[in-house]
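Visitor: Taken in order, these protein sequences are the chains called A, B and C.
So the first sequence is residues 1 to 158, counted in this note's numbering.
So the second sequence is residues 1 to 268, counted in this note's numbering.
So the third sequence is residues 1 to 446, counted in this note's numbering.
Among these hints, one or two may not hold up.
Below, computed lysine-lysine pairings styled on PhoX-like, alpha-carbon distance capped at 25 Å [to be verified]:
id	chain 1	residue 1	chain 2	residue 2
1	B	Lys244	B	Lys198
2	B	Lys174	B	Lys244
3	C	Lys81	C	Lys54
4	B	Lys263	B	Lys198
5	A	Lys127	C	Lys289
6	C	Lys116	C	Lys53
7	C	Lys362	A	Lys60
8	C	Lys47	C	Lys93
9	C	Lys81	A	Lys135
10	B	Lys263	C	Lys166
11	C	Lys80	A	Lys135
12	C	Lys93	B	Lys227
13	C	Lys93	C	Lys80
14	B	Lys227	B	Lys263
15	A	Lys60	C	Lys80
16	B	Lys174	B	Lys267
17	A	Lys127	C	Lys228
18	B	Lys198	B	Lys227
19	C	Lys111	C	Lys80
20	B	Lys174	B	Lys200
21	A	Lys135	C	Lys186
22	C	Lys228	A	Lys156
23	C	Lys53	A	Lys44
24	B	Lys267	C	Lys289
25	C	Lys47	C	Lys186
26	C	Lys289	A	Lys156
27	C	Lys200	C	Lys414
28	C	Lys111	C	Lys93
29	C	Lys60	C	Lys81
30	A	Lys135	C	Lys93
31	C	Lys53	C	Lys80
32	B	Lys227	C	Lys186
33	A	Lys135	A	Lys60
34	B	Lys267	B	Lys254
35	C	Lys86	C	Lys47
For the record, the hints were derived by calculation from the structure and aren't laboratory data.
Since the model is a prediction, treat every value here as computed from it, not as a measurement.
One-letter residues, chain by chain:
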Amino acid sequence: MLSNNLGKVALSLVVALFLGACATQQATTTTKSDDAYTGTETVKFLADGVPDRVFFATNKSELTSAATATLAKQATYLKANPTLNVVLEGHADERGTREYNLALGERRATAAKNFLISNGIAANRIKVISYGKEKPANPASNVLAWSQNRRAVTVKTN
Amino acid sequence: MQKSLKISFIAHFIILIISSVTLPFLMGRVQAPLVISVDLVQIGDRTNIPYAPKVSDGEKTDKKIKDRVVTGQAPPKIVPKEKPDAVPLPENIKKIKELLEKRQNPVKVEELKKQTSEFEKKEIFDPNKISALIDKSKKDNAEANNKPSLEATQSQQKNIVTSKLTITQEDAIKAQIFKCWNIPIGLPYNENLTVRIKIKLNPDGSLVSSEILDQARMSMTGQTYYKILAESALRAVKLCNPLKVPSSGYEKWKEMQLNFDAKEMLKG
Amino acid sequence: MKYKIFTIFALFFILTVKSFALVSVDITRGNLDPLPTAISDFYLDSKLNDNIKKLQLESKIPELIKNNLSRSGLFFALEKKSFIQKPELAHNKPRFEDWAFIKAQVLVTGKISLEKENRLRVEFKLWDVVSANELSALAFYTAPDNWRRVSHMISDKIYERLTGEKGYFDTRIIYVAESGPKVDRKKRLAIMDQDGFGVKYLTLGNELVLTPRFNPTSQHVTYMSYFKNLPRVYLLNLETGIQDLVGDFPGMTFAPRFSPDGKKIIMSFAQEGNSDIYTMDIKTRIVEKITDHPSIDTSPSYSPDGSYIAFNSDRSGFQQIYTMKSDGSNVKRISFGEGLYGTPVWSPRGDLIAFTKLYRNKFYIGVMRSDGSGERLLTENYYQEAPSWAPNGRVLIFYRETASDSGGRGGGAKLWSIDLTGYNERLIPTPTDASDPSWSGLLSGK
Numbered sequence: 001m002l003s004n005n006l007g008k009v010a011l012s013l014v015v016a017l018f019l020g021a022c023a024t025q026q027a028t029t030t031t032k033s034d035d036a037y038t039g040t041e042t043v044k045f046l047a048d049g050v051p052d053r054v055f056f057a058t059n060k061s062e063l064t065s066a067a068t069a070t071l072a073k074q075a076t077y078l079k080a081n082p083t084l085n086v087v088l089e090g091h092a093d094e095r096g097t098r099e100y101n102l103a104l105g106e107r108r109a110t111a112a113k114n115f116l117i118s119n120g121i122a123a124n125r126i127k128v129i130s131y132g133k134e135k136p137a138n139p140a141s142n143v144l145a146w147s148q149n150r151r152a153v154t155v156k157t158n
Numbered sequence: 001m002q003k004s005l006k007i008s009f010i011a012h013f014i015i016l017i018i019s020s021v022t023l024p025f026l027m028g029r030v031q032a033p034l035v036i037s038v039d040l041v042q043i044g045d046r047t048n049i050p051y052a053p054k055v056s057d058g059e060k061t062d063k064k065i066k067d068r069v070v071t072g073q074a075p076p077k078i079v080p081k082e083k084p085d086a087v088p089l090p091e092n093i094k095k096i097k098e099l100l101e102k103r104q105n106p107v108k109v110e111e112l113k114k115q116t117s118e119f120e121k122k123e124i125f126d127p128n129k130i131s132a133l134i135d136k137s138k139k140d141n142a143e144a145n146n147k148p149s150l151e152a153t154q155s156q157q158k159n160i161v162t163s164k165l166t167i168t169q170e171d172a173i174k175a176q177i178f179k180c181w182n183i184p185i186g187l188p189y190n191e192n193l194t195v196r197i198k199i200k201l202n203p204d205g206s207l208v209s210s211e212i213l214d215q216a217r218m219s220m221t222g223q224t225y226y227k228i229l230a231e232s233a234l235r236a237v238k239l240c241n242p243l244k245v246p247s248s249g250y251e252k253w254k255e256m257q258l259n260f261d262a263k264e265m266l267k268g
Numbered sequence: 001m002k003y004k005i006f007t008i009f010a011l012f013f014i015l016t017v018k019s020f021a022l023v024s025v026d027i028t029r030g031n032l033d034p035l036p037t038a039i040s041d042f043y044l045d046s047k048l049n050d051n052i053k054k055l056q057l058e059s060k061i062p063e064l065i066k067n068n069l070s071r072s073g074l075f076f077a078l079e080k081k082s083f084i085q086k087p088e089l090a091h092n093k094p095r096f097e098d099w100a101f102i103k104a105q106v107l108v109t110g111k112i113s114l115e116k117e118n119r120l121r122v123e124f125k126l127w128d129v130v131s132a133n134e135l136s137a138l139a140f141y142t143a144p145d146n147w148r149r150v151s152h153m154i155s156d157k158i159y160e161r162l163t164g165e166k167g168y169f170d171t172r173i174i175y176v177a178e179s180g181p182k183v184d185r186k187k188r189l190a191i192m193d194q195d196g197f198g199v200k201y202l203t204l205g206n207e208l209v210l211t212p213r214f215n216p217t218s219q220h221v222t223y224m225s226y227f228k229n230l231p232r233v234y235l236l237n238l239e240t241g242i243q244d245l246v247g248d249f250p251g252m253t254f255a256p257r258f259s260p261d262g263k264k265i266i267m268s269f270a271q272e273g274n275s276d277i278y279t280m281d282i283k284t285r286i287v288e289k290i291t292d293h294p295s296i297d298t299s300p301s302y303s304p305d306g307s308y309i310a311f312n313s314d315r316s317g318f319q320q321i322y323t324m325k326s327d328g329s330n331v332k333r334i335s336f337g338e339g340l341y342g343t344p345v346w347s348p349r350g351d352l353i354a355f356t357k358l359y360r361n362k363f364y365i366g367v368m369r370s371d372g373s374g375e376r377l378l379t380e381n382y383y384q385e386a387p388s389w390a391p392n393g394r395v396l397i398f399y400r401e402t403a404s405d406s407g408g409r410g411g412g413a414k415l416w417s418i419d420l421t422g423y424n425e426r427l428i429p430t431p432t433d434a435s436d437p438s439w440s441g442l443l444s445g446k
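Pulled out of the complex, with its shape left as it was, chain A reads as follows (with noise of 0.2 Å):
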């Protein structure tokens, strides 16, 4: 059972490494609308192998692939400590105006928060906050730190 588990882990992982692949190397040639981050530079773990960020493109708060896997990941995980809350903190990049930026933050947490809901975790043990602008995990002014900071990060609360 749990070397099953491991290898749905290792395998989503595989496949999640893949598809950041596919998406590092077509970077230089795709739009705005998919330059979310998909590399692990910024990212920290709840747990073992379940990171707590997952990343948006430019102005969107629509959950990527690569975000539906980490957030499916944190689900496996808060089901597996169900004494656990956590707050989803939501943020944006430097590039937008600071009061649009507080109501997007918002709108990308309270997107992962829907998909955990979805995934069978209870509605009251997430809470959403925003960000903005205010707090960036990158503090540089290029591409790669936006992409890092379009983010929303689940934090343990107890």
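Once you've looked at the hints, dock chains B and C against the given chain A.
Guide: This is chains B and C only, laid out in the frame that chain A set:
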């Protein structure tokens, strides 16, 4: 000395700690600096100064000043869009120029000069062509710099003036006054404000007299805008004294009515 | 034959009459160059005591006036060294030739005397040098420490007398003072005079604060704070220092602004990924929902008469500017240019809406008419946003950020002002980095 300094330092530190613990937010009464009141007393908005020169005297004085300026440097009115300059005393000129440069980025000065034309452009500005606009304004700048000095333009105009008809003559007069008239930018553009000034000229173009035709409106309440516009128009007429006039046809232009209307400029 | 003679006669008559008719010339253009202005040192009454003399107000007041007027871009203050006439004589009886000689068109003179113990009388006169006229003369009574405020008020009077439009010098600016690294930025509310003088910090920086905005009387401020990690809109009374939570919303409230009568706060409330616009009456605490749309609706701003609201929405798919009636009806998109539009702010005159525009990775501050026509971009930069109007509707203040390097260093934010011509752009000095400025109304207009 050292000791007391230490004590004071520690005491201050304690106060800081205490205040940072007690002050914050919830209880936090933040102190905004108070606005201290100032009493205002009107000394009289339209004081008539007994020693102020009478109109005719004033014009004579004006003329004298002009003469001095004219002898002091190049013909004053032809120098176009001249930046307000300080005393033309030679020893001061350098300093003033330095100061001018320090005060403002010279590029900005350049831009200020051409805002008239820019205004019109922006009126029909197509938001889809921002970059084009920016490039264009740069080009305009370059053009402005490459333009032959306005002195040349002026003399060309003069030639035309002497040989041609009223419209050209009119344009020449207009062109001069445009440069002398500092438009008060705060006036409303959606109100009908036209100031009519009657001027009398000598054959050499110097001003004999200037009078506002709706003088009464100047002192009416609620006509502040009119008054401000009229004052600026009068200044323009006097600053442009003497006008460059056609060498013939004195009878035609010895008296003129100038209608000052800033609407187009203010619409920007 | 008779007819011929008559015709010739008539023609001659017409021609002569025509030649004697008053030539009428329409002057419809002029220049918008700064007005050459001489600001003389003030004349100090010899009876003043040494404590006051020490303040050197006779030169400091004119200096401040000069600073104000030249920063407006509408005045060119002539260099003091070139002045010929002494302050006392200039104030009592200016020799206009002397001032015309240095090409001043207007002249400011003044006199400082003691009214009674520790109470100053500051008098100024404004002269039209070209027409040899006095334009205005006023006296102010105040405590000596308050000389800056008096200087600002004098500046406003001069500005108004010569441009026909109220000034904006006797005003303050509330903003967010920033310090520390970008990933852990400390933000405090700060207030200062319009010229950057007298900065006071209103919060300690323990929690993130954003977007402070004055109410119409400039005595209250509404802003957003992350106090206790709950992002909410607050109301601060500047005179008592008391801060209140605005409303009882089960989620983030943000982007607050006052209604023009100061009675309501309009803001966004975000819930379940959707931000809509709400108002709350400050006294009755009655909350009203103004927009109801699954898109992001934020950055609301009332028209000065309170009957319309401009706001920011991405209901078209991207951030654009919309207007609606104050009850939420009659929603109309007004921005149609390429790029994204945000932060609409209605001018105090009502005719224009200032905005931030993002186009091809550049940020612009611009204005458009309230129907969306006549868009004009005033300034372009790497990053800038959040325009706020000076009370006379001629100048905008905003903040501008510079890019940081790949290590995240070097980025910073500063306050700038620009006037509607787009040519008079000025840095407003602040001791720390600064963002989210809001311009107060005229303090003397209360």
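Visitor: Could you run down the list of hints and mark each one as holding or not?
Guide: These are the hints, each one checked on the structure:
Among the hinted pairs, Lys244 of chain B with Lys198 of chain B is consistent with the structure: their alpha-carbon atoms are about 17 Å apart, no more than 25 Å. Straight-line distance between C-alpha atoms of Lys174 of chain B and Lys244 of chain B comes to about 11 Å, which keeps the hinted pair within the 25 Å bound. The hinted pair formed by Lys81 of chain C and Lys54 of chain C meets the criterion: a straight-line CA distance of about 22 Å does not exceed 25 Å. Distance hint between Lys263 of chain B and Lys198 of chain B is fulfilled; the C-alpha atoms sit about 20 Å from each other, no more than 25 Å.
Between the alpha carbons of Lys127 of chain A and Lys289 of chain C the distance comes to roughly 23 Å, so the proposed pair stays at or under 25 Å and holds. A distance of roughly 15 Å separates the Cα atoms of Lys116 of chain C and Lys53 of chain C; the hinted pair therefore holds under the 25 Å criterion. Using a Cα cut-off of 25 Å, the hinted pair Lys362 of chain C and Lys60 of chain A holds, with the two alpha carbons roughly 19 Å apart. Of the supplied pair hints, the one linking Lys47 of chain C and Lys93 of chain C holds, its CA atoms being roughly 21 Å apart against a limit of 25 Å.
For the given pair, Lys81 of chain C sits about 52 Å from Lys135 of chain A by alpha-carbon distance, which is inconsistent with the 25 Å threshold. About 19 Å separates the Cα atoms of Lys263 of chain B and Lys166 of chain C, which keeps this hinted pair within 25 Å; it holds. The hinted pair formed by Lys80 of chain C and Lys135 of chain A fails the criterion: a straight-line CA distance of about 49 Å is larger than 25 Å. For the proposed pair Lys93 of chain C and Lys227 of chain B, the alpha carbon gap of about 23 Å is at most 25 Å, so the pair holds.
Restraint check for Lys93 of chain C and Lys80 of chain C: satisfied, since their Cα atoms lie roughly 18 Å apart, inside the 25 Å limit. With a CA separation close to 15 Å, the supplied pair Lys227 of chain B and Lys263 of chain B stays within the 25 Å bound. Distance check on the hinted pair: Lys60 of chain A and Lys80 of chain C sit about 58 Å apart at the alpha-carbon level, beyond 25 Å; violated. With a C-alpha separation of about 20 Å, the suggested pair Lys174 of chain B and Lys267 of chain B falls inside the 25 Å cut-off, and the hint holds.
Under the criterion of a C-alpha separation no larger than 25 Å, the hint pairing Lys127 of chain A with Lys228 of chain C is consistent with the structure, at around 14 Å. About 16 Å separates the Cα atoms of Lys198 of chain B and Lys227 of chain B, which keeps this hinted pair within 25 Å; it holds. Only pairs whose Cα atoms come within 25 Å are accepted, and Lys111 of chain C paired with Lys80 of chain C is accepted, the gap being roughly 17 Å. Restraint check for Lys174 of chain B and Lys200 of chain B: the C-alpha separation of about 16 Å stays at or below 25 Å, so the hint holds.
For the proposed pair Lys135 of chain A and Lys186 of chain C, the alpha carbon gap of about 11 Å is at most 25 Å, so the pair holds. At roughly 17 Å between alpha-carbon atoms, Lys228 of chain C and Lys156 of chain A fall within 25 Å of each other, so this suggested pair holds. Note on Lys53 of chain C and Lys44 of chain A: the hinted pairing is violated, with a Cα-Cα distance of about 65 Å set against a maximum of 25 Å. For the hint linking Lys267 of chain B to Lys289 of chain C, the alpha-carbon distance of about 38 Å lies beyond 25 Å, and the restraint is violated.
Of the supplied pair hints, the one linking Lys47 of chain C and Lys186 of chain C is violated, its CA atoms being roughly 50 Å apart against a limit of 25 Å. Only pairs whose Cα atoms come within 25 Å are accepted, and Lys289 of chain C paired with Lys156 of chain A is rejected, the gap being roughly 33 Å. Pair hint Lys200 of chain C plus Lys414 of chain C holds up; C-alpha atoms about 17 Å apart against a cutoff of 25 Å. Note on Lys111 of chain C and Lys93 of chain C: the hinted pairing holds, with a Cα-Cα distance of about 13 Å set against a maximum of 25 Å.
Among the hinted pairs, Lys60 of chain C with Lys81 of chain C is consistent with the structure: their alpha-carbon atoms are about 15 Å apart, no more than 25 Å. Between the alpha carbons of Lys135 of chain A and Lys93 of chain C the distance comes to roughly 62 Å, so the proposed pair goes past 25 Å and is violated. For the proposed pair Lys53 of chain C and Lys80 of chain C, the alpha carbon gap of about 20 Å is at most 25 Å, so the pair holds. Of the pairs offered as hints, the one joining Lys227 of chain B and Lys186 of chain C is violated, with about 51 Å between alpha carbons and a cut-off of 25 Å exceeded.
Distance hint between Lys135 of chain A and Lys60 of chain A is fulfilled; the C-alpha atoms sit about 18 Å from each other, no more than 25 Å. Between Lys267 of chain B and Lys254 of chain B the alpha-carbon distance is near 33 Å, which puts this suggested pair outside the 25 Å criterion. Taking the CA atoms of Lys86 of chain C and Lys47 of chain C, the gap is near 18 Å; set against the 25 Å cutoff, the hint holds.
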